[in-house]
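Protein chains: 2
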Amino acid sequence: MKVQIVEVGPRDGLQNESAIVPAEAKIGLVHKLMEAGLARIEASSFVNPRWIPQLADAEEVLKGIMPIAKKGVRISALVPNVRGLERARQCGLEEIALFMSASESHNRKNINKSIAETFPVLAEVAKEALALGMRVRGYVSTVFGCPYEGDVPVDNSRRVTEALLEMGVYEVSLGDTIGVATPKQVHEIFAVLVKDFTTERLAGHFHDTRGTGLANVVAALEEGIRTFDSSIGGLGGCPYAPGAAGNISTEDLVYMLHGMGYETGVDLNRLTEAGAYIQEQLGRELSSKVLKANLAKRKLDEHM
Amino acid sequence: MKVQIVEVGPRDGLQNESAIVPAEAKIGLVHKLMEAGLARIEASSFVNPRWIPQLADAEEVLKGIMPIAKKGVRISALVPNVRGLERARQCGLEEIALFMSASESHNRKNINKSIAETFPVLAEVAKEALALGMRVRGYVSTVFGCPYEGDVPVDNSRRVTEALLEMGVYEVSLGDTIGVATPKQVHEIFAVLVKDFTTERLAGHFHDTRGTGLANVVAALEEGIRTFDSSIGGLGGCPYAPGAAGNISTEDLVYMLHGMGYETGVDLNRLTEAGAYIQEQLGRELSSKVLKANLAKRKLDEHM
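Chains A and B, in that order, give the protein sequences.
The first sequence runs 1106 to 1409 under this note's numbering.
The second sequence runs 1106 to 1409 under this note's numbering.
So here's chain A without its partners, still in its complex pose:
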């Protein structure tokens, strides 16, 4: 049984780190992630650098990565509008990702538009991207809870997912943006959405803000989901609670999946290299437990 991992550390992870990592180190990180066997990597974002200074070097990073991208590896970036799409095209990207929220207030805070106003903007980007022969992925945020509204009706997520798929998005990643989900809720929400859209069109994007990330992955696996987003080292944090944890860690996810008999194509030892590398660049201890355990074990082995 195969599971696809979409590595979002260079984008979702680094955009929530307070330190700004130099472009060269970002390119080095993506190189190590490819060496570890990750075949889908979201490498940066074309959101206005005024909002996300951490990824202001998107062009430099992507122009450094594309020539060294291994065959079969899909590099993508977040694109908010047609201007962003043009920048992505100039970098030679063959895949982009669109994003919006399932809750009105989060969508407005994040995109400065209502959900209804966002649809035509994204539809235009999707149309042009598809005309350029690009793959287009979609993110829906706040599926499992909104920092402003609390609970989010599953029908909101259903409606936004449907709209994205109708635009030609090949896969919608359902996000627990603030990391509040528990396995029961994951079962309930995915059961509804899988029925409408099939497992092939959906991915799980869990944050580990309250430690439930991997338990939520298992619940989604049980609903048939086979694609998950994660960040190397558990990079990043929760933008609504600075100091709290971010995406689930790629190392922890891979460890668990392999233990459960799933194939990911990822080499866990090489993944540890990538985690150790970006941890050193950031100069702070990352939250990945497998990274900690593997580095601790290496230290022990060196002393024996």
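Incorrect hints may appear among the rest.
A pair holds if it fits inside one copy or across any two, identical chains being indistinguishable in the list.
[Claimed, not checked] Cut-off 27 Å, straight-line C-alpha distance, at most; resulting in silico cross-link-like pairs (DSS-like, lysine-lysine): (1) K1176 to K1214; (2) K1404 to K1214; (3) K1300 to K1289; (4) K1137 to K1404; (5) K1402 to K1137; (6) K1107 to K1137; (7) K1232 to K1218; (8) K1300 to K1176; (9) K1289 to K1107; (10) K1137 to K1289; (11) K1404 to K1218; (12) K1107 to K1218; (13) K1168 to K1232; (14) K1402 to K1289.
Simulated from the structure, these hints should not be mistaken for lab results.
Quantities reported herein were computed from a predicted structural model and do not represent experimental measurements.
Start from chain A and add chain B according to the hints.
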């Protein structure tokens, strides 16, 4: 649906911290844990202080706790032999816990006896404790993997569990001592043991060394298990990989269980007080994600 939590932070957590916490702070911690609604607390250990200097103050701690123990709260301590039992009795304890391993090499390293040689020692302790009217709990270590032997046949765990139950132990806690288990393995092993011993006699004791702790709890819940051990703040570490994570965090466990509709009797806000307290005593950031998220949120609220 009710789930029982056995708080093992003051024992399993603190015995794996490098810092030695003063007895007064340990008593303060147990007080806060009781205030948060925890009804089963393993407060210390009567293992030789030469091996575990962190808990050398067992008498002082327990004599400080017992007079303030709330009605209905069960305080226990680890007891390796009849000498330990006598010390426990003098402290007024009404419950003790015995321990051994499912793997021969870990049992020998930890207890300095073979598994077969350990049985009569523990049987004597259990017999005397029961005669004193005490409750006796049992731990089986390395059920999901041994640091020396790797995989451990489920039949080893079955045999040791059976022996403990025959001694009069009321519940056996099955330990993932080195934190290697994944949900698939938890399903497989608990399915076998539940069949032989029933869910009422078994508990899950997971370490979060590789981030799979809560996912393993969900797997055990699905096998019918309703009692879990955890440590406030995710205290402690893995003795075989210093720097790696320890027990699953009580805060994270409670957050997830409540989200899944289980009752624990624990107040998560008060639990945060207990986590913040011991974190400050230790002077290091603990690994509990819910503790981090709650403290980050409080900081934000204070600034608004």
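Now for the hints, and whether the structure bears them out:
In the homo-oligomer, the alpha carbons of K1176 and K1214 never lie at most 27 Å apart, since the shortest distance is 38 Å inside one protomer and 50 Å across protomers. With identical chains, the CA atoms of K1404 and K1214 are at most 27 Å apart between copies only, with a shortest distance of 21 Å across copies and 45 Å within one. Proximity of K1300 to K1289 under the C-alpha cut-off of 27 Å is found in both arrangements, the shortest distances being 17 Å within a copy and 25 Å between copies. Only within a single protomer do K1137 and K1404 lie at most 27 Å apart by alpha-carbon distance; the minimum there is 21 Å, versus 36 Å between protomers.
For the homomeric pair K1402 and K1137, the shortest alpha-carbon distance inside one copy (21 Å) is at most 27 Å, but the shortest distance between copies (34 Å) is not. When the C-alpha separation of K1107 and K1137 is checked against a cutoff of 27 Å, the pair qualifies only within one copy, where the shortest distance is 22 Å, while the shortest distance between copies is 46 Å. Taking identical chains as interchangeable, the C-alpha atoms of K1232 and K1218 lie at most 27 Å apart only when both belong to the same chain, with a minimum of 20 Å there against 71 Å between chains. For the identical chains of this complex, K1300 and K1176 are neighbours neither inside a copy (34 Å) nor across copies (50 Å), given an alpha-carbon limit of 27 Å.
Taking CA atoms no more than 27 Å apart as the test, K1289 paired with K1107 passes in both settings, with 24 Å inside one copy and 16 Å between copies. Taking the closest pair of Cα atoms, K1137 and K1289 never come within 27 Å of each other, the shortest separation being 36 Å inside a single copy and 30 Å across copies. Proximity of K1404 to K1218 under the C-alpha cut-off of 27 Å is found in neither arrangement, the shortest distances being 51 Å within a copy and 29 Å between copies. In this assembly of identical chains, the alpha carbons of K1107 and K1218 never lie at most 27 Å apart, being 38 Å within a copy and 44 Å across copies at closest.
Taking the shortest Cα distances, K1168 and K1232 sit within 27 Å of each other inside one copy (24 Å), while across copies they are farther apart (73 Å). Taking the shortest alpha-carbon separations for K1402 and K1289, only the inter-copy value of 24 Å comes in at or below 27 Å, while the best intra-copy value is 35 Å.
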